[in-house]
Amino acid sequence: MFYGALVTFIPWPIPEPDLPASVNSVLADAANAAVAAYRTARQMLTRPELSEEVAMGADGTPTMRVDSLVEDAIAESAQANRVNLLSEEAGFIDNGSSTTLVIDPLDGSANAASGVPLSCFSGVLTRDSIAVEAVTVWLDTGRVWWARVGQSTPYRTTGRTTLDGAAVSLLRPKRNNGDAWQRVAARAGRLRILGTTCLETALVAEGSVDAFADPGSDTLRIVDLAAALVLVPAAGGAVIDAHGRPLDFDPDLTRRWSGIAAATSALADQLAEAVLG
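Just so we're aligned, residue 1 is where the sequence shown starts under the UniProt record's numbering, counting upward by one.
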C-alpha cells in the first residue's frame, strides 16, 4: 500500500519561497499563491489527476488540471491587488489597471505533474507594457531569482562569448527544426533538456549555464520569456529571438518566438547564426 501511494502521489514537500523583502507585494502575493496552490494540488491529487487535460489554453495548447489550479489562485491574487493579468492559460484579464502581471503560472507542467522536480512560477510586472520587475520561483526547492530594472543584481552570467564548447540548454528537437538543433548541439560542449524555459533562463542569469535556446522551432510565448527579459540583461546577458523579431509584451498568446538567452550578446548572436544556418 505504501509503495503504491508513493507511485500515485508525489510525496515530497513544497517549501516556502525564499522571497527577498524588497520584492513588489503584487509579485510576492502571486508567487506565494502559486506555491500554496501547487502544494495543495500535490497533496490532494494523484499524478494522473494532476496531468488531466481540462481545457484549451489561450495559447492554443491543452491546460492540465495542475496548471488550472495554480493559475486560478494567481488570478485571485491579481484581482485582489487590482492589476491586470496575462497568463498562458487564461489569456489577458483586464482589471482596469495600467499595471499588468505577466505570468507563466507553472512552467514545466509535465515535470510538475509527474514529480520531476523541475518546474517554476515566473512573473513579471509591467507598467504600460514596459517590464519593471521579475521573479522566478523554483517550486520544488523554494529558490528564487529576482531583479528590478535599473537596480543592481547579485547574479552574473558566465560571460562566455563563443558557442564552441559552451554549456547550453535546449528545447527538445521537433519536426521543424532538426537540422538547426543538430547544428547547435554539434558545437556545444554540454547539452541539457530540462523542460522548463523559465528555470533554464534563470540558470543563465546566475551563471550556471552559458545559454538557453529554442533552436528555430518557434515554440516560445512571451510568458515563457518575460522574466528572462529582466533577469538575464540585469546579470550582463542578452535575450533575443533567433530570427531577429522584437520580443513584445503583447497579449496575443498565439505569437511565438525562437528565444535565446545567453551570457553575452556575442554568444546570443552566434547561437542565432547556428540556428539559421
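Please keep in mind that the hints were generated in silico from the structure rather than gathered at the bench. Only a predicted model underlies this, so the values are computations on that prediction, with no experimental measurement involved. Check the hints yourself; a few may be wrong.
[As the list claims (entries may be wrong)] Label pairs and their computed distance ranges (CB to CB): (1) Glu273 <-> Leu191: 31 to 37 Å; (2) Gly165 <-> His243: 21 to 27 Å; (3) Pro154 <-> Val116: 40 to 46 Å; (4) Gly189 <-> Glu49: 26 to 32 Å; (5) Pro48 <-> Ser129: 37 to 43 Å; (6) Ser265 <-> Lys174: 23 to 29 Å; (7) Met56 <-> Gln79: 19 to 25 Å.
Heads up, the beta-carbon is just placed ideally off N, CA and C, and yes, glycines get one too.
Results of checking the hints against the structure:
Glutamate 273 and leucine 191 have their C-beta atoms about 18 Å apart, which leaves the hinted 31 to 37 Å range violated. Against the hinted window of 21 to 27 Å, the Cβ-Cβ separation of glycine 165 and histidine 243 comes to about 25 Å, which satisfies the hint. A beta carbon spacing of about 28 Å between proline 154 and valine 116 contradicts the range 40 to 46 Å that was offered as a hint. Between glycine 189 and glutamate 49, the C-beta spacing of about 41 Å breaks the proposed range 26 to 32 Å.
Distance hint for proline 48 and serine 129: a CB-CB separation of about 39 Å, consistent with the stated range 37 to 43 Å. Between serine 265 and lysine 174, the C-beta spacing of about 26 Å keeps the proposed range 23 to 29 Å intact. Evaluation of the 19 to 25 Å hint for methionine 56 and glutamine 79 yields a pass: the beta carbon distance comes to about 23 Å.
Hint check: violations occur at hints 1, 3, 4; the rest are consistent with the structure.
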